[in-house]
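The task is to assemble the complex, starting from two chains supplied on their own in separate frames and drawing on the hints.
Chains as they are written, first to last, in my numbering: chain A, 1 to 206; chain S, 1 to 302.
Check the hints yourself; a few may be wrong.
To be clear about the criterion: a stretch of chain S counts as covered by chain A if any three or more of its residues have a C-beta under 8 Å from a C-beta of chain A, and this derived list gives those stretches [claimed, not checked]:
(1) 7-16
(2) 24-34
(3) 190-197
Keep in mind that the hints were calculated from the coordinates and are not lab data. Built from N, CA and C at the ideal position, the CB exists for glycine as well.
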Amino acid sequence: MNRNLQLIWNGLIPENPIFRLALSLCPSVAVTTSVKNGLMLGLAVVFVQVFSSCTVALFRSYINPRIRIPAYVLIIALWVSVIDMILPVVSPAVYKEVALFVKLIVAFAIIISRLELFASKEPFVPSFFDGFGMGIGFLFGLCLIGAIRELSGAGTLYGFDVLGFRPLLVMILPAGGFFVIGFIMAGMNYIEYKLTGKIPSAGGAH
Amino acid sequence: MKDILKITASLTAVCVAASLILGAVYTQTEHARKEIEKAEKEEIIKSLLGFGHGHKPPADLVMHAVQRYVISDPSGKTLLGYVLPTKDGKFALVEIDLQGKPVKVLPVDATAAQLAEAATRDLAVSKALPQGAKAKYAETFYIADKGGSRFGYVLPGVTQGFKTFIELMVSLDPEFTIMGVAVEKHEEDPGLGAEITQDYFKNQFVGKTLDILAGLKVVKEPLPADYLEVLDPVKTKLAKLSPEKAKEIKQKHLKDDIYALTGATISSNALTRGVKDTVRKFVYRFDILKKAIDQEKVQAAF
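For reference, chain S alone in the conformation it holds in the complex (with noise of 0.2 Å):
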């Protein structure tokens, strides 16, 4: 019995050290991992922009972001919520329904860094919303504007991969043709799955227009030599082509289709769909919310 006590005592007392260690250095590095998180997170949201590697965006580049929350009203209704930056400075809640039509605006009362964190984010729009209405967070879009033009968007998606959800990133220019595609995080298979992760792999998707979109396909055929080398940055680099052959080639390959990786059709598919329905999905609702910003009059900043 004097044993069992001791016992429980000292493992007790292991459990207790170890989570006190824990606890102490979780508080200590937390801020530091939140920054890195968020400067990972605009890195690659300005690669995609053709901003990344040590290219400095320039100055003019303004960069909107949009969150969108689905909105279930006290009645029952369901709600979609846009939170866009007004050209005041505030920023406003958009109600639109189902079908499309806006509901109303309302006034959100918050700074641009309350809205960038999500606790602070969802009290926010919470407030911004009637007694009894819930708001669930869904995405967060950015609309790129230079020089007082549009410049592009930037969209996050999320598709099945081979075992678990890959999560990733599209960037459109105004004409919603692709600029880049990232994949942020995934977990398919070292070697295999995971090459989608490639340049080689994930630029066959860039200048695919809308059209092209609509119909795209995953063909297992080996990828053509020449339109590898101007996929791979690295091989073009060891190629030399100059920048008019490359772009012919491009345009040789544009209306291909998607070739599929050697031993990963599954991913291969599941990043191409992912894409097709992130574009087909953002533009459909970027429609209405244009329609329904021009409807209420809201001063967007966009």
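Extracted from the complex, chain A is given alone in its bound form (with noise of 0.2 Å):
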């Protein structure tokens, strides 16, 4: 398979941001009580981590390894501050919605953690398809999260009404969350352990 190809396919399934490598837990038991919500901050995020990618590539030889965490969180937070000034002129519907969600990404693990082990070290193509292949892993776990939540504690589905009904109310409390985050990763391992043999191991972070 095209190495590009590959990168985004990693990071949507094998290193998938949520369930494999297990960062950026945070916001995804925070905001994911509704796929909407999932979907709005999965976009911002493809937007924040691909840009930032690019920025780190093409400046990587010229950052002095000892001040590159400072440096990379300086560009993280400047592509998101520049998002949020930005987005509400070209699309002020869209802002809207996620004006609340942009602001959060400084902080996630996910963006920094690809820019200190990928993005430092490899050239700007690779770069980006690994930012855009990790920003719609995000996406894909923060939607699959949100639906799951959405559907069992609300009754809903991206604010349509599906069930008439609330099944579960604890799936939208913060502890509903954990709950499916947990049970998915433990699907995926089981998935994995089922095919290669092997006992999957995940890293993490907040």
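Take a look at the structure:
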């Protein structure tokens, strides 16, 4: 397979930021009370991840390794602020939905971890695809968690009434987020164990 | 030693580059963002008066903005100041003391556009005041007239929510019956407290008169199914209710208390308290203002 496609696929399933790398679990529990929230935050992350990865890949030889962390934080913060300022001008309707989430991204572990592990070592093009893959992997994870929680907690999907009642209110409370992420992670590990025969290991951060 | 200088220099360079980009983007987008904010606020006000979602307001609908200031006199006394438009297209500052007695009326030299902008408005008000007096902006409420008669009022309010403040707006008809409630800003929990922004909750306030509002409570009971159908516009469409039937159900539940949101009693209480306080304070203040206008013979535009 083409390496760029491989990188995107890698971010989507084998190294999914939420379910396999176990990064940025904080936002994945906090905002995934509905599919819409998950989708909006996911989109915002895709943009910030791609822009930051590209920037770091371009300037990687100029950033002194001893100050790379503050430099990365600055780059992420810069892109978050720029998107936060430009988006309302470009598309006020979209901004109204994502405004709350865009500002949260500065503190996401997944973004800085991709800068540190990938973009600081690789050239521009692979970094772009890695950032994009990780972004849509995160988006996919958020939407999946959001769908399960919204359907079981509020009986709706993307705001449309599906069930007409609320089967499990606990699912849209914070505890429900932990349940859902835990079960999906366990399911993915089980599938991997069945396919490869190896016991999977996962990383972890907030 | 040389290393640290290099590190410092490169980190400074990163910071400078970042701040230059941020500054450039900010100045480029500032105007557009402000315009959007203003348009959004206008849309909220219009929809509160029943002209939102594509309904064009009638041509003879006139909105008058009235700003309330808290003024501290050079002598140390606290006064309330209302900046209001007059019939000749100018603006006047009506000063009222805390006992509700009008003190004096000062002309304000400004245009409507200047008064809409926070910085130029504060400047115009402090120029109108005598030397040494300090004015602090409190809020802006709107009076809507239609074809020469009073159409309604739109007033802002703030209340303590679950985590932080909830900013809301209420529209009243000439008899001070609630026409609509809007939540402008809030940080309630998504899926729980954030449901206060949903039509089926907000619309419970519509039609409540001053008397009902005074004794309004929040009850932890499920929302009756027929009431929900009337409150939620989407469900009303689905249920194909005739306007007469909808009106009848609304009338039946008019004196009901507010049905709390499941899992968000605190947020439900907060919005209810906010609406009650906002309306009560406005009715009290507006009564005093009206008397002061009559006494001082101010030619108010409304």
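Which of the listed hints are not met by the structure? No hint contradicted; all consistent.
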